[in-house]
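Q: Sequence:
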Amino acid sequence: MKQRTDQIPTIWFIISSLLGTICLGIYVWGGIEGLTWKEVSELIPQTVALFPESQNQIQSSIFLIRQHYYVQSIAPDLWPIMVGSIFGLAGLIMLGQFIQVWAKISKRQITLGLLLWCGILVWRNIDLTLNEWFNFLHGPWVLLACLSTGILTIICSSSIPTFLLEISHSPDKASSQKKFFGFILFYGVNLILSSGNLWNFWSSTLFIPAFIVFEISVALGMFQSLRFKDKSQQKLLRALFLLSHSVLIPFVWNNNEVGIHAIESWTIMTHLAMVLLFPLFLWTNFKEPIQENLAIFKVVHKAHFVPIYLIQIGIFILCVSWVFARQATAWHQIVAAYYNEQGDIEHFAGDRFMEELAYKNAMIHSKLNQKSNLSLARMSQEVGDVEKQAYYLQTSQIKHPEEKNFVALANIYGNENQWFESLFTLKKAHQLFPESPQIATQLSRVYEQIKQIDSAAYYLVLAKELAPQSTIAWANLLYFDVRHGSKLVNMEEVKSWSSSPDRAVKSNILAKVWQNKQALPENFTHEAFDVQLDVRDFALLYNSSLYFKGQSIIYPIQTWLKDPNWLQKFPEITFLDAWQDFYHQQPLRALNKLDLLIQKENESKAQVYRLLLQHWKQQLLAVKAKVQLENLAQARAAIQSYPFSVGILQQALPILHQANKHQEAYQASLAAVQWNEELAEFYPIYILEAFQQGEISYAEDAINRLKKLDPTLFQTQASSFAQAKEKAVNRQKF
Numbered sequence: 002m003k004q005r006t007d008q009i010p011t012i013w014f015i016i017s018s019l020l021g022t023i024c025l026g027i028y029v030w031g032g033i034e035g036l037t038w039k040e041v042s043e044l045i046p047q048t049v050a051l052f053p054e055s056q057n058q059i060q061s062s063i064f065l066i067r068q069h070y071y072v073q074s075i076a077p078d079l080w081p082i083m084v085g086s087i088f089g090l091a092g093l094i095m096l097g098q099f100i101q102v103w104a105k106i107s108k109r110q111i112t113l114g115l116l117l118w119c120g121i122l123v124w125r126n127i128d129l130t131l132n133e134w135f136n137f138l139h140g141p142w143v144l145l146a147c148l149s150t151g152i153l154t155i156i157c158s159s160s161i162p163t164f165l166l167e168i169s170h171s172p173d174k175a176s177s178q179k180k181f182f183g184f185i186l187f188y189g190v191n192l193i194l195s196s197g198n199l200w201n202f203w204s205s206t207l208f209i210p211a212f213i214v215f216e217i218s219v220a221l222g223m224f225q226s227l228r229f230k231d232k233s234q235q236k237l238l239r240a241l242f243l244l245s246h247s248v249l250i251p252f253v254w255n256n257n258e259v260g261i262h263a264i265e266s267w268t269i270m271t272h273l274a275m276v277l278l279f280p281l282f283l284w285t286n287f288k289e290p291i292q293e294n295l296a297i298f299k300v301v302h303k304a305h306f307v308p309i310y311l312i313q314i315g316i317f318i319l320c321v322s323w324v325f326a327r328q329a330t331a332w333h334q335i336v337a338a339y340y341n342e343q344g345d346i347e348h349f350a351g352d353r354f355m356e357e358l359a360y361k362n363a364m365i366h367s368k369l370n371q372k373s374n375l376s377l378a379r380m381s382q383e384v385g386d387v388e389k390q391a392y393y394l395q396t397s398q399i400k401h402p403e404e405k406n407f408v409a410l411a412n413i414y415g416n417e418n419q420w421f422e423s424l425f426t427l428k429k430a431h432q433l434f435p436e437s438p439q440i441a442t443q444l445s446r447v448y449e450q451i452k453q454i455d456s457a458a459y460y461l462v463l464a465k466e467l468a469p470q471s472t473i474a475w476a477n478l479l480y481f482d483v484r485h486g487s488k489l490v491n492m493e494e495v496k497s498w499s500s501s502p503d504r505a506v507k508s509n510i511l512a513k514v515w516q517n518k519q520a521l522p523e524n525f526t527h528e529a530f531d532v533q534l535d536v537r538d539f540a541l542l543y544n545s546s547l548y549f550k551g552q553s554i555i556y557p558i559q560t561w562l563k564d565p566n567w568l569q570k571f572p573e574i575t576f577l578d579a580w581q582d583f584y585h586q587q588p589l590r591a592l593n594k595l596d597l598l599i600q601k602e603n604e605s606k607a608q609v610y611r612l613l614l615q616h617w618k619q620q621l622l623a624v625k626a627k628v629q630l631e632n633l634a635q636a637r638a639a640i641q642s643y644p645f646s647v648g649i650l651q652q653a654l655p656i657l658h659q660a661n662k663h664q665e666a667y668q669a670s671l672a673a674v675q676w677n678e679e680l681a682e683f684y685p686i687y688i689l690e691a692f693q694q695g696e697i698s699y700a701e702d703a704i705n706r707l708k709k710l711d712p713t714l715f716q717t718q719a720s721s722f723a724q725a726k727e728k729a730v731n732r733q734k735f
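When you line the sequence shown up against this note's numbering, it's residues 2 to 735, in that order.
Honestly, the hints are just simulated from the structure, not real lab data. C-beta atoms are modelled at their ideal positions from N, C-alpha and C, and glycine is treated no differently. Any given hint might turn out to be false.
Label-pair distances were calculated between CB atoms; the ranges are [unchecked claim]:
(1) N132 / R327: 37 to 47 Å
(2) S204 / K232: 39 to 49 Å
(3) S205 / R109: 53 to 63 Å
(4) F425 / A607: 43 to 53 Å
(5) R327 / L148: 13 to 23 Å
(6) I168 / W284: 11 to 21 Å
(7) H585 / E523: 20 to 30 Å
(8) H585 / N632: 18 to 28 Å
(9) E523 / L433: 43 to 53 Å
(10) P565 / I697: 38 to 48 Å
(11) Y310 / S205: 26 to 36 Å
The whole structure should be built from the sequences, with the hints applied where relevant.
A: Shown next as structure tokens:
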């Protein structure tokens, strides 16, 4: 049992090291950003010849895809706050244990006191919901966690100098002193470089960031505490560690950078003070052991003349004075971080007013902090207040300019049709971020909007050079070639891009080879795909269906048409439905659908559809099918595929009658006449079918029409008509 108890400090050190490593990993990775890139695709119609392989010059539209970037604001995540709350609760329990041991209060007394305190809280706030309770307790928890972080930083500020003292210990005194002062000097220089960079005195990358110094010092402090025989000190360190990291986790993950900066500033101050005081502390307490070159790092915490806690109290007083001497920057930063955290909680509670108020309170203490500005920009974006959104985005980039901020601002100007403002914003961004393919892409789009085609082409090529594997760059170059007749893409590139699964690239390749009457690359894959409500999917679906005609995949367009979202987003799906029917053995149904579209569409589209309708009819009439029909299935299939073939009708209709499908036979003959009213050859077939069905008046009307169209043909069929009429009249007598 005693052995297991002795292992507890080691287990806690391992747990704390893992937690510190996780926080460091999130810090280095960067956590979630306030803004994220979203790809935007636009459908751009392009007029081409529908049948370039023939002499028919029917012009219609296919679709190009033009792509650019949209910047979306990101809401904070809840899980870091919940995880932090768990660690915070564990830290509070451990802090209570420390206070109970330190104050020598019995467990019964402290338990009764806590129960009484909790009972009063519950009684006074009995009407609060679970969310309201969480909000109520969250504020004190963040304040206590921030205070614990400050105290932990001071306590562990001596851990790195102690570690340097340990690794500098050598067999001889002179060597030990040289190593120690060399390490301390290097450590002090790093702190000075880090502080200058943090406080904007200079810009350098030759330093270890203060947050990493903080985590290293805490980890070393936890390790060195394993030597303490006083277990209460170990409990205090564990409690402070858990409380501090309970707020650090949401800070680093939800990118509450103002809180991180406050902790970094406090870390630098305390560590600089300790670097100055630690050699004096060693000499005051361990002069004789130092002269004897003894391993004093093992007993640093046992100093007798000036205990380490007095040095820590002095550092606290000194650093607090330093903070307020610097206009209380670190104080305002930590208060702003507190309000940012409150704003995140209100976001999850759904109280928009309190959320906005919390972020604005944070801006009172730190106007330029990025977290508040981006959060308020997100809230403005949600309600469509573009002026406020632009203001907060501009404010956020005064201190932290980022390419996403510039692009978001430029998009706002573009949406308000202020294209030159958008251009100036992106030009400034390009100066700061010349290696950004996103900014180059946006510049190309803006130049195209203001009709500067050469500049637009230049930035498209630049975007591709900056990101050679970007499918957005490929698709945009292809779009530009088709739309503006440029020659930015050679056929070798088209061939290499043809195997790409990206649907914007594939649809634009189809448009390019179609317009230029070129052969499609061999490695262009044409296969079925899961079509979503996405403009890239629709462009590929539309272009490939028109390009491949009968070789195209059959899609469930009839099912999609039942969804009103399809018609709202892609009204051309109705035309595609007719097109697919025609080239997949349903020509009569296609003609009917196209005829309905002619009646609904505007005159320009209706004219195109009329020409196409005439072309389809001519195609069907030109087919001279030579097949021998033997059964009902063959007859039905033949009529469906060749509804305007006299030979097919003459073979198929008798088979239908033999199978008692008289109505089908009549409808087939009627369709042939209705769609070809000026062609006499279909009238004899229809007249006989009409008499067969007892439609005597319709048959007589058709006879009169045939007399005018082709008297000779009428004379040759007159006797047949007379016999059929006599039979029809006789059938009606019964």
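Q: Each hint needs a verdict: does it hold in this structure or not?
A: Hints versus structure:
1. Evaluation of the 37 to 47 Å hint for N132 and R327 yields a pass: the beta carbon distance comes to about 38 Å.
2. Between S204 and K232 the beta carbon distance is about 46 Å. The supplied range of 39 to 49 Å therefore holds.
3. Separated by about 57 Å at the C-beta atoms, S205 and R109 satisfy the suggested range of 53 to 63 Å.
4. Look at F425 against A607: about 44 Å separates their beta carbons, and that is inside 43 to 53 Å.
5. For the pair R327 and L148, the supplied restraint of 13 to 23 Å holds, since their beta-carbon distance comes to about 20 Å.
6. At roughly 20 Å, the beta carbons of I168 and W284 sit within the given window of 11 to 21 Å.
7. At roughly 25 Å, the beta-carbon separation of H585 and E523 lies within the given 20 to 30 Å, and the hint holds.
8. Remark: the range hint 18 to 28 Å for H585 to N632 is upheld by a beta-carbon distance near 22 Å.
9. In this structure the supplied range 43 to 53 Å holds for E523 paired with L433, their Cβ-Cβ distance being about 44 Å.
10. The hint said 38 to 48 Å for the Cβ distance between P565 and I697, and at roughly 45 Å that hint holds.
11. The given range of 26 to 36 Å is respected by Y310 and S205, whose C-beta atoms sit roughly 35 Å from each other.
Consistency note: the structure conflicts with none of the earlier hints.
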